[in-house]
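K.L.:
Chains as they are written, first to last, in my numbering: chain A, 21 to 343; chain B, 576 to 919.
Quick caveat, the hints were computed from the structure, so don't treat them as lab data. Virtual Cβ for every residue (Gly too), placed ideally from N, Cα, C. Any given hint might turn out to be false.
As the list claims (entries may be wrong) - Listed below are several chain B residues computed to face chain A (Cβ distance under 8 Å; list not exhaustive): (1) V600; (2) A602; (3) P622; (4) T628; (5) A643; (6) S645; (7) L792.
To be verified - Within a straight-line C-alpha distance of at most 16 Å, the following computed EDC-like cross-link-like pairs (lysine to aspartate or glutamate) qualify: (8) B/K837 / B/D731; (9) B/K727 / B/E832; (10) B/K684 / B/D731; (11) A/K102 / B/E827; (12) B/K790 / B/D754; (13) A/K75 / A/E137; (14) A/K102 / B/E772; (15) B/K727 / B/D603; (16) B/K611 / B/D731; (17) B/K837 / B/D719; (18) B/K790 / A/E137; (19) A/K102 / B/E832; (20) B/K727 / B/D651; (21) B/K735 / B/D754; (22) A/K102 / B/D789; (23) B/K611 / B/D719; (24) A/K102 / B/E786; (25) B/K611 / B/E683.
Unchecked claim - To spell it out: a stretch of chain A is covered by chain B in this simulated footprint if at least three of its residues, at any positions, have a beta carbon under 8 Å from a beta carbon of chain B; those stretches are: (26) 91 to 99; (27) 107 to 114; (28) 184 to 198; (29) 320 to 331; (30) 335 to 343.
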Amino acid sequence: MTRSIRALTMVVAVAGSMLAFGTQAAQAAALTNVSWTVTNNQVSATNVTYSYSFKTATAGTIGKITFAVSGAGLGGTPAIAKNYGIGAGTVARAGQTITYTVTTPVAVAAGIPIYIEFSGMTNSSTAGSYTTTITTQTAASATIDGGTASNTVTLAANNTAVTVTIAKSLTFTSDTQSYTLAMDPSLPALADQTQAVVLTVLTNANSGYTLTVSDNATGLQSSSTGNPVIADVSTGKATSVTWPGGDKFGYTVAATGATADAAFSGSKYAGYVNAGEQIASHSVATGATPDTITITNRVSIDYAAQAGDYSDVVIYTVTPNYN
Amino acid sequence: MCVSTASAVAATQAAAGPRPLAVSVPADPVPLAPGKTSTIRIRVLNPGTRPVTVRITGRHVDLGDNGAVSIGTAPDPLWNGRIQFPGRTITIPAQNYVNVDLTVHMPEKLDPDLYFVGFLVSPVVTPNGQVQVVNEIGSFFTIDVPGPRVRKLTADMNLKRSIFAGISIPGVVIGNRADGVLHVRNVGTTQVRFWGEVDSASAPGGGAGQERIDKSLIPRGHVRTFIVVGKPAWPIGFVTLTARIFYPGQTETSTQEIDLSKRVLVISPWVILAVVVLLVLLVWLWRRRRKRRRPPSGKNRRNPRPISPGTPAERRSFGFRRRVKAPAEKPERISTPVSGGRYR
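Required output: the full structure, derived from the provided sequences and hints.
P.N.:
Set out below in structure tokens:
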């Protein structure tokens, strides 16, 4: 009997505490870290992007988020530029309220950072200080968190709207514009020579860049009778080799910051190809420190090489990657 | 000897002075409706200390996987005659730049999409030396023909498995974190700019992480690859990685979403090492304890255990239990009991 009474007491206690917690959960809490920024705070400015970020306070299945901007005169047709922390959805504006409706609501835990960016907004024509009250709701419009007021954004006619646009840019430098190798087969130091061409690249392209190289001839070619050539050391990077000696022309690549093609590892040399080949790349922006790519050109000759002037044009092309 | 060395050093002659060149294009797509004419500005810069003469020519541009771009050798037929590149060479003074306004005549009919206009900026070199070096920049700008369009992406996420002695256990990773690869593919007929996030959660220990993927372009038929990482809060724990890819629907007032989730048990190698050490220790202790209870082998041979009744099969099956449950055989206990120990 005593045990039955104890069990009953426990059941009542557990049920009571559950009810108490349930009542607590039903109460809407305030969102935290609420922030609102605009890309242009001039009155009546069009095509303005409004960015909102906040953290959820209560776990719940968010079906809608409302952004009620204070005052009057909000305009424009909003589009979703970005959303993080919340599922895909649709956006609509009615008067001063922008509503983001989640297509497939799913449970969102407490403390999740949410960021939503609306483009295509038109600022109010009335100067003054504005706030946005953000509320998270279920699909049935029951409040989960909020409404919590954001920071103040001041729209004014006599202020200076600052917009800084940074172009996608790339700087490419070659330390050498041309070179001549005075060669002589009688002395090893003169019969096998190298010339380093140091290329540097700086870019702010988020996906980095690619560097390709090509030439306009089949190896080094002479204009002498019969157009003799000093042949390429290989037919391209796919057949790169350790330097074999003899009458050959080729190059190898070493890079700092960028990634040189694996064909050149172990100081292997390749011949230039007319169609061009990618020799180095970088998958992110370089930042303020330039990437250095050193192309070491090498020519070796023996007495089989016909005397005369041999020439070539080597073209290095850098292309910024897209974001 | 000195003369010979001097000659060898002098054998190489390079034209002095670097030749830097820079090109800038608009960072974002330029909206331009079909049939319209507009001007798009590109900038060619000379950060060097000598003037540089360049030539700008239109080129076909090929976009590959993961943002790779290659510039073709011929102009793009789509823009042929619609964009007028400067026919003459342009000389840029040292530490200066030239803005080049390219007038774009949009075709009358063009589906809403992103279009890419490629060009090549090449320095004009004067023959000087046997090997000429040309450093040129291929670049492009993007035109957005506005309007509703059908976008379609697919995605998959694979977490690396741990292979130990040639065996891989699905859902288990030996290491300090779960590593994986997220592929996003454009399987539609239009170019897509997407964004997303990779959320990681750990159990036990909670802790949620949110890695954001910035807005990125995937040309149709191409793929973007991202490395995803999740760490457990404890040396052993379940890590759930959830990738969410967002991209605009037909219009930009709505978004589409792809959700992918993987859950793996991450076990630190230190945990495995600790378990192995513990097991070895336990086995050692057990054997030590057993050894202390066992009689010396010589004495055991001198006092053989009497054969208990029952068939050999019964003895094999119940021999161990029989020893415990047969107090009548107590005299057969020949080892000294350990203080506090139990006799089995």
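K.L.:
All hints, please: hold or fail.
P.N.:
Do the hints match the structure? See the list:
Interface hint at B/V600: satisfied, since its Cβ lies 5 Å from the closest Cβ of chain A, which is below the 8 Å cut-off. For B/A602, the shortest C-beta to C-beta distance to chain A is roughly 5 Å, which falls under 8 Å, so the interface hint holds. Given the 8 Å rule on beta carbons, the hint for B/P622 holds: about 6 Å separates it from the nearest Cβ of chain A. Hint on B/T628 is violated. Least Cβ distance to chain A is approximately 12 Å, over the 8 Å limit.
Interface restraint check: B/A643 against chain A, minimum CB-CB distance 6 Å, threshold 8 Å, status holds. Interface hint status for B/S645: upheld, as the beta-carbon distance to the closest one in chain A is roughly 7 Å, under 8 Å. Given hint, B/L792 at the interface with chain A, holds; its Cβ is 5 Å from that chain's nearest Cβ, closer than 8 Å. Distance check on the hinted pair: B/K837 and B/D731 sit about 10 Å apart at the alpha-carbon level, within 16 Å; holds.
For the proposed pair B/K727 and B/E832, the alpha carbon gap of about 10 Å is at most 16 Å, so the pair holds. Restraint check: the Cα-Cα separation between B/K684 and B/D731 comes to about 36 Å, which exceeds 16 Å; the hinted pair is violated. The hinted pair formed by A/K102 and B/E827 meets the criterion: a straight-line CA distance of about 10 Å does not exceed 16 Å. For a cut-off of 16 Å, the pair hint linking B/K790 to B/D754 is broken: about 22 Å separates their Cα positions.
Distance hint between A/K75 and A/E137 is fulfilled; the C-alpha atoms sit about 15 Å from each other, no more than 16 Å. For the hint pairing A/K102 with B/E772, the CA-to-CA distance comes to about 11 Å; that is within 16 Å, so the pair holds. Pair hint B/K727 plus B/D603 does not hold up; C-alpha atoms about 21 Å apart against a cutoff of 16 Å. The straight-line distance between the Cα atoms of B/K611 and B/D731 is roughly 40 Å, outside the 16 Å bound, and the hint therefore fails.
At most 16 Å may separate the alpha-carbon atoms for a hinted pair to count; B/K837 and B/D719 exceed this at roughly 36 Å. Distance check on the hinted pair: B/K790 and A/E137 sit about 12 Å apart at the alpha-carbon level, within 16 Å; holds. A hinted pair counts as satisfied when its Cα atoms are at most 16 Å apart, and A/K102 with B/E832 qualifies at roughly 12 Å. At most 16 Å may separate the alpha-carbon atoms for a hinted pair to count; B/K727 and B/D651 exceed this at roughly 26 Å.
This hinted pair checks out: B/K735 and B/D754 have alpha carbons roughly 6 Å apart, not beyond 16 Å. This hinted pair checks out: A/K102 and B/D789 have alpha carbons roughly 9 Å apart, not beyond 16 Å. Restraint check for B/K611 and B/D719: the C-alpha separation of about 12 Å stays at or below 16 Å, so the hint holds. For the suggested pair A/K102 and B/E786, the alpha carbons sit about 14 Å apart, so the restraint of at most 16 Å is met.
Simply put, B/K611 and B/E683 have alpha-carbon atoms about 8 Å apart, close enough for the 16 Å limit, and the pair holds. Given a C-beta distance limit of less than 8 Å, the hint that chain B covers the region 91 to 99 of chain A holds, as 3 residues qualify and 3 suffice. Evaluation of the coverage hint for the region 107 to 114 of chain A: fulfilled, as 6 residues show C-beta separations to chain B shorter than 8 Å, against a requirement of three. A stretch counts as covered by a chain when three or more of its residues have a beta carbon under 8 Å from one of that chain; for the region 184 to 198 of chain A and chain B the count is 14, and the coverage holds.
Coverage of a stretch by a chain is defined here by at least three residues with a beta carbon nearer than 8 Å to that chain's beta carbons; for the region 320 to 331 of chain A and chain B the count is 3, and the condition holds. Against chain B, the region 335 to 343 of chain A contributes 9 residues with a C-beta closer than 8 Å to a partner C-beta. That satisfies the three-residue criterion, and the hint holds.
The structure shown violates the earlier hints numbered 4, 10, 12, 15, 16, 17, 20.
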